[in-house]
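J.: With chain A fixed as given, assemble chain B onto it according to the hints.
Here the protein sequences line up with chains A and B, keeping their order.
In this note's numbering, each number is its position in the first sequence, counted from 1, plus 202.
In this note's numbering, each number is its position in the second sequence, counted from 1, plus 202.
Simulated from the structure, these hints should not be mistaken for lab results.
One thing to keep in mind: the hints can contain errors.
No distinction is drawn between identical chains; accordingly, a pair holds when it is met within one copy or between any pair of copies.
[Said to hold, decoys possible] Here are the simulated SDA-like cross-link-like pairs (lysine to any residue), alpha carbons at most 20 Å apart as the crow flies:
id	residue 1	residue 2
1	K346	F238
2	K474	D374
3	K579	K619
4	K433	P206
5	K252	P546
6	K629	G611
7	K474	K629
8	K325	N204
9	K325	G611
10	K619	S574
11	K474	S370
12	K346	A230
13	K346	E231
14	K346	E233
15	K619	Q606
16	K325	G505
17	K579	R538
18	K346	R234
19	K346	R531
20	K579	M547
21	K290	G390
22	K346	C530
23	K346	N227
24	K474	E443
Protein chains: 2
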Amino acid sequence: MNTPLRVALLGLGTVGSGTFTVLRNNAAEIERRVGFPIEIKVVADLDTAKARQVAGPEVEVSANAFDVVTRDDIDVVIELIGGYTIAKQLVLAAIEAGKHVVTANKALLAVHGEEIFAAAARKNVMVAFEAAVAGGIPVIKSIKEGLAANQIEYVAGIINGTCNFILSEMRDKGLPFADVLAQAQALGYAEADPTFDIEGIDAAHKITLLSALAFGMPVQFDKAYVEGITKLTKDDITFAEELGYRVKLLGITRRTSEGVELRVHPTMIPAKRLIANVEGVMNAVLVKGNAVGPTLYYGAGAGSLPTASAVVADIIEIARMNAAPIECRTPVLAFRSEAAQAIPMLSIDQVVTAYYLRMQVADRPGVLAEVSTILAKHSISIAAMIQHQPSQEGASAQIVLLTQRCVEGEINQALAKIEALDSVLDKVVRIRVEDLS
Amino acid sequence: MNTPLRVALLGLGTVGSGTFTVLRNNAAEIERRVGFPIEIKVVADLDTAKARQVAGPEVEVSANAFDVVTRDDIDVVIELIGGYTIAKQLVLAAIEAGKHVVTANKALLAVHGEEIFAAAARKNVMVAFEAAVAGGIPVIKSIKEGLAANQIEYVAGIINGTCNFILSEMRDKGLPFADVLAQAQALGYAEADPTFDIEGIDAAHKITLLSALAFGMPVQFDKAYVEGITKLTKDDITFAEELGYRVKLLGITRRTSEGVELRVHPTMIPAKRLIANVEGVMNAVLVKGNAVGPTLYYGAGAGSLPTASAVVADIIEIARMNAAPIECRTPVLAFRSEAAQAIPMLSIDQVVTAYYLRMQVADRPGVLAEVSTILAKHSISIAAMIQHQPSQEGASAQIVLLTQRCVEGEINQALAKIEALDSVLDKVVRIRVEDLS
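Chain A extracted, bound-state conformation (with noise of 0.2 Å):
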């Protein structure tokens, strides 16, 4: 009974070193849990200098990781590489060789999932990625299993942790994009090529693997809408204010009789709903079951020791069921494979929606009725209205509407229309808006 479950771990950047620290800092914590120890037998990274300087003397160091996944010593490799390319070889190896596999690579889980999982399946491993999703949050674990009684009807989550930094502080500060982007990056909290943050890719990687784990079906990262917070400027920050709104990236993905919702953009939600006040780098998770109602998960999305905390409690969970018999482990996305269902996909033309959008208009009689005779047509209906008289004389005016729910197609072709006008100044900015009540 105290044979020590023996980890390999790949890799000792931040969240590897994080993990390093925690599963040395918490060992007796650890050990008064699992009834045996967790012991890391071999690290392994390319800078062996540095590797050496966080493991210490005790713990072997090696530079080539594909021997490591191999070794016979080792019951569970830790992948904390990063990255498509070595981590996907590294991850396919160690399945290969039988290890159990924790982690929390969501760019290779959502793009090559599915041939992991199949390959994890064939060999009887397991394969965790808590820290692929949020961090330290535990919302894998909440929705595979806290939530296992319910239908799940929808997931929406602030899951990157740089756009709400700096989305809190365009809100806070009134500054512009470009000002506080700069800003993250000096503060680390944004990368020096920050696309995959802005851009919103790091958000739909993570929401596609909520969204498999929440229906049922496979991963599928090409099916997901995505759109980032570069365009978003502080005018519309401010006027979504005006309006009792804040401006969140969201992931949504969503549930409805059509098929299911996948989609990461710029989204307004009501002030007063407790995730519009999720500020800073911190994250949170709305997820609604049928049963339970809404329940919202909240906490560091990052960082060295909150990311090794979901890290750890994979290996624990892990040291705990190796020697359970296979059917007794909570499926790797939740359902039982051979359950897995092809629900179709919508594409973002089939989202159904709330609508804020803001055009810049001549200043001149007859526009408004314009604009909503345009609407109408399309069964759109206006919700709410400002209208901001212009700053001085002849300059333009700016029309800001909330719309209520429509399917995105609509609005489509009748923002195409209202472009035409001639009174219609600019591209209309649309902002999608979520009541998630």
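T.: Just chain B now, with coordinates in the frame of chain A:
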């Protein structure tokens, strides 16, 4: 593999009928997760006519729960009767007969948990109670498994919806306690005899369970400090607001170098904290781990279907783990029983927190000097102050103070001296303040 798990449902009240509904309505989804059906074999309720109405013609109805719990064709007993007496006998009889037990009964477990868990350990059966704390929110699973990598530092929760509803309404509408209580009773949010809720006893049952789970120690309800919300005035709620705080009934358990705090009382929290914005009957639990930092879990803390969501999640877990070796289970109180620790429990005198103090004083010079001199002698620093001028000439004035953190024993001594001053006209009102940052 397709043999169903056979459950007996004891008690068809609010949660019992919700459990029946969830198991029936979500049966297909649950079987997609588990791989075999969960079958309600028999329901037991003294009111067999009502039970028959809920259960329909296909399910056996019994008036004798004691017969049911020992039947050979039952794998799991779901105790949803409530109370200490019959429920305890039934749970122990079920365990004795080798049945796994699921219960939502926090009162039973907070008071008799040790006896019940010991009996379950002897018979190698599982006892699951996610529904006993915070209704449908999977906070017990999160503490036991999701945050298993952490040393938990504290848990602070809004875990009584009745009290949170009352406090939200008092603040929102400026109404006194008694009026809102009557309204809560009319709405069904408070019982005819609301003592358990409004005196904090229900919250204390729940935080006692979370405390044992968080720190790996026995369930010790008798060590909890319990103070309800019945003495809160709308004045204090208004002053709190003026100081940037909200008043919530919190269950708090914290591990310090001295031992474990376990307490329920009205608490002022900075208004900008997420948990301060949990309104109405909703629940939320803040859990701080040494790796993950603060995390928060939010959702419906009561109600038929939300609570049933947690009951059925436990049944699903038992369905999965029924065939696993015992050592693969997560221990009932998160830590292996042989690793449970007798950590010193701190009395309320030993608790360290900050205080809101309101005192009615004679409107004459020097009163504040007298009060602050006494506080200084006890090394209690003042963090903020409001002094309201009396509305009429010669009337008494009010002093409102926020202190820095100090030991409760010190504040008690200081308050005794302050209350003995001629210029202090009444008992000092005291509300504990937690920063929860």
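J.: Taking the hints in turn, state whether each one holds.
T.: Hint check:
1. Taking identical chains as interchangeable, the C-alpha atoms of K346 and F238 lie at most 20 Å apart only when they sit on different chains, with a minimum of 17 Å there against 26 Å within one chain.
2. Taking the shortest alpha-carbon separations for K474 and D374, both the intra-copy value of 16 Å and the inter-copy value of 13 Å come in at or below 20 Å.
3. For the homomeric pair K579 and K619, the shortest alpha-carbon distance inside one copy (11 Å) is at most 20 Å, but the shortest distance between copies (76 Å) is not.
4. Proximity of K433 and P206 under a CA criterion of 20 Å is satisfied in neither setting, with 52 Å inside one chain copy and 54 Å between copies.
5. For the homomeric pair K252 and P546, neither the shortest alpha-carbon distance inside one copy (48 Å) nor that between copies (42 Å) is at most 20 Å.
6. Taking the closest pair of Cα atoms, K629 and G611 come within 20 Å of each other only inside a single copy of the chain (17 Å); across copies the shortest separation is 66 Å, beyond that limit.
7. In the homo-oligomer, the alpha carbons of K474 and K629 never lie at most 20 Å apart, since the shortest distance is 30 Å inside one protomer and 37 Å across protomers.
8. Proximity of K325 to N204 under the C-alpha cut-off of 20 Å is found in neither arrangement, the shortest distances being 25 Å within a copy and 23 Å between copies.
9. Taking the shortest alpha-carbon separations for K325 and G611, neither the intra-copy value of 45 Å nor the inter-copy value of 61 Å comes in at or below 20 Å.
10. Taking identical chains as interchangeable, the C-alpha atoms of K619 and S574 lie at most 20 Å apart only when both belong to the same chain, with a minimum of 11 Å there against 71 Å between chains.
11. Both within a single protomer and between protomers do K474 and S370 lie at most 20 Å apart by alpha-carbon distance, with minima of 15 Å and 14 Å respectively.
12. Taking identical chains as interchangeable, the C-alpha atoms of K346 and A230 lie at most 20 Å apart only when they sit on different chains, with a minimum of 16 Å there against 28 Å within one chain.
13. Within a single copy, K346 and E231 get their C-alpha atoms only as close as 25 Å, which misses the 20 Å cut-off; across copies the closest is 12 Å, which meets it.
14. Only between protomers do K346 and E233 lie at most 20 Å apart by alpha-carbon distance; the minimum there is 14 Å, versus 25 Å within a single protomer.
15. Taking the shortest Cα distances, K619 and Q606 sit within 20 Å of each other inside one copy (19 Å), while across copies they are farther apart (62 Å).
16. In the homo-oligomer, the alpha carbons of K325 and G505 never lie at most 20 Å apart, since the shortest distance is 32 Å inside one protomer and 43 Å across protomers.
17. Within a single copy, K579 and R538 get their C-alpha atoms no closer than 47 Å, and across copies no closer than 66 Å, so neither meets the 20 Å cut-off.
18. When the C-alpha separation of K346 and R234 is checked against a cutoff of 20 Å, the pair qualifies only between copies, where the shortest distance is 12 Å, while the shortest distance within a copy is 25 Å.
19. Taking the closest pair of Cα atoms, K346 and R531 come within 20 Å of each other both inside a single copy (11 Å) and across two copies (17 Å).
20. Taking the closest pair of Cα atoms, K579 and M547 never come within 20 Å of each other, the shortest separation being 28 Å inside a single copy and 69 Å across copies.
21. Taking the closest pair of Cα atoms, K290 and G390 never come within 20 Å of each other, the shortest separation being 27 Å inside a single copy and 55 Å across copies.
22. With identical chains, the CA atoms of K346 and C530 are at most 20 Å apart both within one copy (14 Å) and between copies (18 Å).
23. Taking the shortest Cα distances, K346 and N227 sit within 20 Å of each other only across copies (18 Å), while inside one copy they are farther apart (28 Å).
24. Taking CA atoms no more than 20 Å apart as the test, K474 paired with E443 passes in both settings, with 11 Å inside one copy and 17 Å between copies.
The structure fails hints 4, 5, 7, 8, 9, 16, 17, 20, 21 (numbered hints given earlier, in ascending order).
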